[in-house]
Amino acid sequence: MGKTLFDKVWDSHVVDTIENGPQILYIDKHLIHEVTSPQAFKELEERNIPIFRPDQIVATADHNTPTTNQHLPIKDELSRKQLEQLSENCKKNNITLYQLGHKNNGIVHVMAPELGFTQPGMTIVCGDSHTSTHGAFGSIAFGIGTSQVAQVFASQCLLLTKPKSLRVTVNGKLKNGVLPKDVILYIISKIGTNAGTGYFCEYAGEVFENMSMEGRMTVCNMSIEMGARGGMIAPDEITFEYVKGREFAPKGEDFKKKVSYWKTLPTDADALFDKEYHFDAKDIEPMLTYGTNPGMGIKISEYIPESSDASFEKSLAYMNFKKGDSLIGKPINFVFIGSCTNSRIEDFRVAANYIKGKQKANNVTAWLVPGSKQVETQIIKEGLKTIFNDAGFELRQPGCSACLAMNEDKIPQNEYCVSTSNRNFEGRQGQGSRTILASPLMAAATAIEGKIIDITKQLN
Amino acid sequence: MEKFKIVNSTAIPLEIENVDTDQIIPARFLKATDRKGFGENAFRDWRYHDNGTENTDFILNNSNYSGTILVAGNNFGCGSSREHAAWALTDFGFKVIVSSFFADIFKGNALNNGLLPVQVSEGFLKTLHKEIKNNPDIELTIDLESQIIAIKSLQLSENFEIDTYKKTCMINGYDDIDYLLSKKKSIVTFETTYKLHKN
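Sequences listed follow chains V and L, in order. Letter by letter, the first sequence follows residues 22 to 481 in the numbering used here. Letter by letter, the second sequence follows residues 707 to 905 in the numbering used here.
Don't read these hints as lab results, they were simulated from the structure. Quick caveat: nothing in here was measured; it's all calculated off a predicted structure. Quick reminder that beta carbons are idealized off the backbone N, C-alpha and C, glycines included. Don't take each hint at face value.
Stated by the list, open to error - Here are the simulated BS3-like pairs of lysine-lysine, each with C-alpha atoms no more than 25 Å apart in a straight line:
no.	chain 1	residue 1	chain 2	residue 2
1	V	Lys112	L	Lys737
2	V	Lys96	L	Lys737
3	V	Lys29	V	Lys185
4	L	Lys901	V	Lys29
5	L	Lys742	V	Lys63
6	V	Lys320	V	Lys24
7	L	Lys839	L	Lys901
8	L	Lys858	V	Lys63
9	L	Lys890	V	Lys29
10	L	Lys873	L	Lys711
11	V	Lys279	L	Lys839
12	V	Lys335	L	Lys836
13	V	Lys96	L	Lys890
14	L	Lys801	L	Lys836
15	L	Lys889	V	Lys29
16	V	Lys113	L	Lys737
17	L	Lys858	V	Lys335
18	V	Lys183	L	Lys832
19	L	Lys801	V	Lys63
20	V	Lys183	L	Lys901
21	V	Lys29	V	Lys277
22	V	Lys278	L	Lys709
23	L	Lys873	L	Lys801
24	V	Lys320	V	Lys194
25	V	Lys265	V	Lys124
26	L	Lys858	L	Lys711
27	V	Lys265	V	Lys402
28	V	Lys24	V	Lys284
29	V	Lys194	V	Lys296
30	L	Lys873	V	Lys183
31	L	Lys742	V	Lys102
32	V	Lys113	L	Lys890
33	V	Lys402	V	Lys196
Unchecked claim - Here are a few chain L residues that sit away from chain V, every Cβ distance over 12 Å (derived from the structure):
no.	residue
34	Thr759
35	Glu760
36	Asn767
37	Leu887
To be verified - In silico contact screen, one side only, chain L against chain V (beta carbon under 7 Å); selected entries:
no.	residue
38	Leu736
39	Phe764
40	Glu789
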C-alpha cells in the first residue's frame with residue numbers, strides 16, 4: 022500500500038517508538054513568540070537544561086505588539102515586559118529574533134514562509150495553533166503548548182502519537198469572487214469544528230492545485246478550526262517557485278537536490294486515508310459566519326439555519342441574530358483585514374482592487390494590518406497604501422492585532438466586525454465583540470457599503 | 707508534576723458545547739510570564755459582568771456546586787493552543803475535566819500539567835450532568851489506575867481510555883522532558899543519519 026504525504030514526512034522524522042506508546046518525532050524548525058515561550062524558557066532555566074539546537078529556532082514578536090507607533094516605547098507595562106523577556110531569552114540562548122521594527126518582523130506564520138524558513142518535507146512547530154499554515158508547503162506543521170515548547174527546547178523532539186489521516190478533495194473551478202478563505206469556511210461549515218480532531222488533513226483536488234501559495238496558506242491556516250492538528254497540500258511547481266530565492270531557502274545545487282526530494286513527497290495513488298470528504302467547487306459561494314465558532318458559516322445567499330440546540334441558541338443570542346435571517350443588509354461598523362489567515366500581499370491586492378476609486382462608508386472603522394514588515398513595504402511599493410488612504414482606510418503596522426485583541430486593537434462591546442481572521446469565538450476581538458468571519462473581498466465590500474452586501478451581484 | 711492518584715469529589719456541571727480556550731482564559735490575560743495566578747481569570751467573561759460584578763447565572767458562581775471535577779460539554783478546549791487554559795483550570799482547583807470529546811492540543815496540555823482529561827460516552831456525560839444537577843453533593847470517583855469514572859452511590863460507572871505512556875507519567879509525576887533527555891543519544895544519532903539522507 023502506498024504512503025500519504027503525511028506518512029512520508031512523519032516517518033522520515035521518527036527517532037524512536039515507545040512500546041505501546043507515542044513516537045519521538047524530530048522537529049526541523051521551531052518558531053517562537055513572546056506569549057507562549059517565557060514559561061518554557063523559565064522551566065529549562067530552573068531545571069538547568071540547556072537549549073539543545075538554538076540554530077533551529079526563530080523568534081518574532083507579534084501577538085502582543087502595538088500596530089501604531091512601533092518606534093516608541095510600548096505603553097502597556099505587562100506587554101513591554103513580555104517583549105523584553107523574549108529579547109532577553111533569545112539573547113541569552115543565541116536565538117535569532119526579529120523584534121518589533123526589524124525588517125523581518127511579522128506574524129510568525131507570515132514571516133517564516135516569506136523568509137524561506139518554511140520548506141516542504143519539514144516538521145515545524147510553534148506555540149500557536151495556526152502553525153498549521155506552514156502545511157501549505159507540504160510540511161508537517163502544528164501548534165503546541167508551552168510544555169511542548171520546553172520539550173523541543175530541551176531535545177528538538179516531541180513525544181507524539183501518530184494522528185489518523187483525513188483528506189478533503191475539492192474539484193472543479195471556483196466561481197468569480199470565491200476566495201481561498203471562502204473555500205475553507207465552506208469546508209468547516211460542512212464538516213464541523215471537530216471533524217478533524219485526532220486527524221491530520223490533506224487538501225487535494227483541482228481547487229488547491231490551482232491555488233497560489235498564499236491561498237494555500239489561508240486554507241491550511243484554518244485546519245485547526247475543524248479540529249485537525251494540521252493541514253497539508255502536496256508540494257508542486259507552485260511551491261518550488263515560491264520557495265526559490267528566499268533569504269533562508271536552499272540555494273543553487275542544494276536547492277535542486279531538495280526539489281528532487283520534495284518531488285517524492287506527494288501522496289501515492291494507492292494510499293488510503295482513514296476518512297475522506299469530497300466537495301465540488303461550483304457549490305461554494307462567498308461565505309460568512311453568523312455564530313461563535315468557525316463552523317457556523319453560511320453562503321452569502323443562505324439564511325441562518327434553524328436549530329433548538331442550547332449551545333446554538335446561546336451562540337445566536339450572543340451574536341444578536343435570529344434563526345432564518347439573512348446577513349445581507351446588516352449594518353457593520355468595524356472591518357478588520359489582517360491576521361495570519363489573510364494578511365499577505367495578495368489579500369491586500371484583492372482589497373485594494375475592490376476599494377480603488379471608492380470611499381469607505383462613514384459609519385465604518387476599518388483597520389488594515391499587514392502580516393509583516395515585508396508585506397507592509399510591498400503594500401507601499403505597489404501603491405496600495407495610496408489607494409487605501411484615498412478611500413479613507415487606515416493602514417497600520419504589522420502584528421496579530423484585532424484577531425485576538427491582546428493589544429489595544431479591540432472591537433467595542435456589542436459591535437459587529439467583519440473580519441478576515443480565523444476565530445469568531447465570544448469576545449475574541451474584544452469583550453462583547455461580535456465577529457463575522459469573511460474573505461478580504463467581503464471585508465473590503467462591507468467597509469465601502471457600511472453593511473453586508475451580496476458581492477456576487479456586483480461581480481456577475 | 708504532581709502524582710495523580712484517585713480523585714473523589716463533587717463536580718461542577720458545565721453543560722456548554724465547544725468551550726474554546728479563549729473562554730477558559732481570554733487573551734488579554736496572557737501577558738504574564740509565569741504559570742501562576744491564571745485561575746483568578748478562568749472563564750473571566752462568563753463569571754463576571756462587564757462592570758465587574760459576579761454573573762450569578764454562571765455555574766461556577768453557583769454555591770450549590772463545588773469540587774475538583776469539571777463535567778463539561780462536547781468538544782472541550784478547542785481553539786487556541788494556549789497552555790494558559792490548562793494552567794487556569796488547575797490554578798482554579800480542578801484536577802479532572804470530563805467531556806465526551808476533547809480538542810487535541812488542549813488534551814495534551816492538560817496531561818502535561820497533571821490535569822486529567824476523562825473522555826466518556828455522550829450518554830454517560832448526559833447521565834453525569836443529570837445526576838449532579840439532581841444532587842450537587844453527589845460524589846464522583848476517578849480512578850486512573852483502573853481507568854474508571856464512577857458515581858459509586860448510584861452504581862454508575864464507565865471505563866475511559868488513556869495512552870499507556872501518559873498514564874504512567876500521570877501516576878508517577880514524570881514529564882516528557884525527563885524521557886526525551888534520556889533519549890539524547892538516539893536523537894543525536896538520528897540527526898546524523900537524517901541529514902545524510904536528506905541531501
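Hints, one by one, checked against the model:
no.: 1; hint: V:Lys112 <-> L:Lys737; verdict: 20 Å, holds
no.: 2; hint: V:Lys96 <-> L:Lys737; verdict: 14 Å, holds
no.: 3; hint: V:Lys29 <-> V:Lys185; verdict: 14 Å, holds
no.: 4; hint: L:Lys901 <-> V:Lys29; verdict: 16 Å, holds
no.: 5; hint: L:Lys742 <-> V:Lys63; verdict: 13 Å, holds
no.: 6; hint: V:Lys320 <-> V:Lys24; verdict: 35 Å, violated
no.: 7; hint: L:Lys839 <-> L:Lys901; verdict: 58 Å, violated
no.: 8; hint: L:Lys858 <-> V:Lys63; verdict: 42 Å, violated
no.: 9; hint: L:Lys890 <-> V:Lys29; verdict: 24 Å, holds
no.: 10; hint: L:Lys873 <-> L:Lys711; verdict: 11 Å, holds
no.: 11; hint: V:Lys279 <-> L:Lys839; verdict: 60 Å, violated
no.: 12; hint: V:Lys335 <-> L:Lys836; verdict: 20 Å, holds
no.: 13; hint: V:Lys96 <-> L:Lys890; verdict: 43 Å, violated
no.: 14; hint: L:Lys801 <-> L:Lys836; verdict: 21 Å, holds
no.: 15; hint: L:Lys889 <-> V:Lys29; verdict: 23 Å, holds
no.: 16; hint: V:Lys113 <-> L:Lys737; verdict: 21 Å, holds
no.: 17; hint: L:Lys858 <-> V:Lys335; verdict: 33 Å, violated
no.: 18; hint: V:Lys183 <-> L:Lys832; verdict: 31 Å, violated
no.: 19; hint: L:Lys801 <-> V:Lys63; verdict: 24 Å, holds
no.: 20; hint: V:Lys183 <-> L:Lys901; verdict: 22 Å, holds
no.: 21; hint: V:Lys29 <-> V:Lys277; verdict: 20 Å, holds
no.: 22; hint: V:Lys278 <-> L:Lys709; verdict: 49 Å, violated
no.: 23; hint: L:Lys873 <-> L:Lys801; verdict: 15 Å, holds
no.: 24; hint: V:Lys320 <-> V:Lys194; verdict: 17 Å, holds
no.: 25; hint: V:Lys265 <-> V:Lys124; verdict: 20 Å, holds
no.: 26; hint: L:Lys858 <-> L:Lys711; verdict: 17 Å, holds
no.: 27; hint: V:Lys265 <-> V:Lys402; verdict: 22 Å, holds
no.: 28; hint: V:Lys24 <-> V:Lys284; verdict: 14 Å, holds
no.: 29; hint: V:Lys194 <-> V:Lys296; verdict: 24 Å, holds
no.: 30; hint: L:Lys873 <-> V:Lys183; verdict: 17 Å, holds
no.: 31; hint: L:Lys742 <-> V:Lys102; verdict: 16 Å, holds
no.: 32; hint: V:Lys113 <-> L:Lys890; verdict: 22 Å, holds
no.: 33; hint: V:Lys402 <-> V:Lys196; verdict: 30 Å, violated
no.: 34; hint: Thr759; verdict: 14 Å, holds
no.: 35; hint: Glu760; verdict: 16 Å, holds
no.: 36; hint: Asn767; verdict: 17 Å, holds
no.: 37; hint: Leu887; verdict: 6 Å, violated
no.: 38; hint: Leu736; verdict: 5 Å, holds
no.: 39; hint: Phe764; verdict: 12 Å, violated
no.: 40; hint: Glu789; verdict: 4 Å, holds
When each numbered hint is compared with the structure, violations occur for hints 6, 7, 8, 11, 13, 17, 18, 22, 33, 37, 39.
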